[in-house]
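Heads up: the sequence lines are chains A and B, in that order.
Under the numbering used here, think of the first position of the first sequence as 1, with each following residue one higher.
Under the numbering used here, think of the first position of the second sequence as 1, with each following residue one higher.
Since the hints were made in silico from the structure, they are not lab data.
Each hint should be verified, as a subset may be incorrect.
For chains that are exact copies, the list does not tell them apart, and a pair is met inside one copy or across any two.
[Said to hold, decoys possible] Below, simulated EDC-like cross-link-like pairs (lysine to aspartate or glutamate); rule was C-alpha separation at most 20 Å, straight line:
| no. | residue 1 | residue 2 |
| --- | --- | --- |
| 1 | 142 | 192 |
| 2 | 86 | 101 |
| 3 | 96 | 184 |
| 4 | 142 | 169 |
| 5 | 96 | 30 |
| 6 | 20 | 169 |
| 7 | 142 | 15 |
| 8 | 142 | 63 |
| 9 | 96 | 48 |
Computed from a predicted structure; not experimentally measured.
There are 2 protein chains.
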Amino acid sequence: MWRSHLARSLHQHQDQPEVKFLQLATVGIDQRPRNRTVVFRGFLENGDRFQTPLQDCLKIVVDRRSQKPEQIAENPWAEACWYFTKTRSQFRISGKLQLIDHQCPDLELQTARIETWQALSDPARIQFSWPHPREARIHFSKTDPPNAAQPLSTFCLLLLEPTEVDRLELRGNPQNRWLYLRDEQGNWTEQEVNP
Amino acid sequence: MWRSHLARSLHQHQDQPEVKFLQLATVGIDQRPRNRTVVFRGFLENGDRFQTPLQDCLKIVVDRRSQKPEQIAENPWAEACWYFTKTRSQFRISGKLQLIDHQCPDLELQTARIETWQALSDPARIQFSWPHPREARIHFSKTDPPNAAQPLSTFCLLLLEPTEVDRLELRGNPQNRWLYLRDEQGNWTEQEVNP
Chain A
1 MWRSHLARSL HQHQDQPEVK FLQLATVGID QRPRNRTVVF RGFLENGDRF
51 QTPLQDCLKI VVDRRSQKPE QIAENPWAEA CWYFTKTRSQ FRISGKLQLI
101 DHQCPDLELQ TARIETWQAL SDPARIQFSW PHPREARIHF SKTDPPNAAQ
151 PLSTFCLLLL EPTEVDRLEL RGNPQNRWLY LRDEQGNWTE QEVNP
Chain B
1 MWRSHLARSL HQHQDQPEVK FLQLATVGID QRPRNRTVVF RGFLENGDRF
51 QTPLQDCLKI VVDRRSQKPE QIAENPWAEA CWYFTKTRSQ FRISGKLQLI
101 DHQCPDLELQ TARIETWQAL SDPARIQFSW PHPREARIHF SKTDPPNAAQ
151 PLSTFCLLLL EPTEVDRLEL RGNPQNRWLY LRDEQGNWTE QEVNP
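Looking at chain A on its own, in the form it has when it is part of the complex (with noise of 0.2 Å):
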């Protein structure tokens, strides 16, 4: 359902980097939304036979020093938005987060979390190196990467699971727009709604 159509913007932008920034709404502890470009790290695999069953779950890359954990531990839903400049798609996927930090017991949970990191470059796990986010600027200079196959304590995963989706799609006049839900059973129904 809505995932093939994701996919298939994802495979009609595989010339361009960037097709996988999507942009990632939260509530701050001021209340306030929080918004920055994250990259997809692809859907975490076999999610449903985990011991806590995950469904379509987005991964994504997170500084634990980032103010987004303590943002989630608040109030863990999001929506990410989602712009493809070709097909002129347009996905909102709302859903609560879940952060995988190198302390998490769960075993399933844990694995993803150092698989997410040994699939990463050299250039990304650099920065979970660095100094602290947001605060006065260091001059630091080039470091070495680190252990490819041990993630850094402050790399985390984060997964956004989906609950609802909407779909706009700009070309056509007028425009198309579906909602899809996901019910307590974790079905997706859809709806054509008005754009």
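Once you have looked at the hints, place chain B on chain A.
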């Protein structure tokens, strides 16, 4: 300060129509974040000379029947996230929203609303005559464009008045990042921070 960097990014992408697309996050009445792509319609001109001065306001257009007006009435805070692919720059623009609808009694703001309507294209104006957004789809066909001089009552101007801007330049290893804060007197200060 941050506006000159934003102007440069806009200039360097002037061949790409989607450069004016940014993601606007608000907080829903259910306290969950909401995030959608909107079109930047320029800065409000001479806002500093208004009876109630407004500074550096980004102009966005909104349908009164969308979910934004009721969200803004409860929580006027927003954060826009604007990513530029060529320059690899991200601007996170945080501030308060002000909705200018057809009943707004402030003459300067009402004039700004009308002028923004007049500056839209016919395809942009026509959307405000479509059936109620997010309701079950009505298969309507093309309609004539509305009066270009006088806005429809569904048309609102939305102003985002920034009080904090976070600029991240992904180019460079390490990356570069600055925070801009507006004080009570409306003056901006700049601080370089770790990415």
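Going through the hints against the structure:
no.: 1; hint: 142 x 192; in the structure: between (51 Å within a copy, 18 Å between copies)
no.: 2; hint: 86 x 101; in the structure: neither (36 Å within a copy, 33 Å between copies)
no.: 3; hint: 96 x 184; in the structure: within (14 Å within a copy, 36 Å between copies)
no.: 4; hint: 142 x 169; in the structure: between (43 Å within a copy, 17 Å between copies)
no.: 5; hint: 96 x 30; in the structure: both (19 Å within a copy, 13 Å between copies)
no.: 6; hint: 20 x 169; in the structure: both (18 Å within a copy, 18 Å between copies)
no.: 7; hint: 142 x 15; in the structure: neither (29 Å within a copy, 35 Å between copies)
no.: 8; hint: 142 x 63; in the structure: within (18 Å within a copy, 49 Å between copies)
no.: 9; hint: 96 x 48; in the structure: within (16 Å within a copy, 41 Å between copies)
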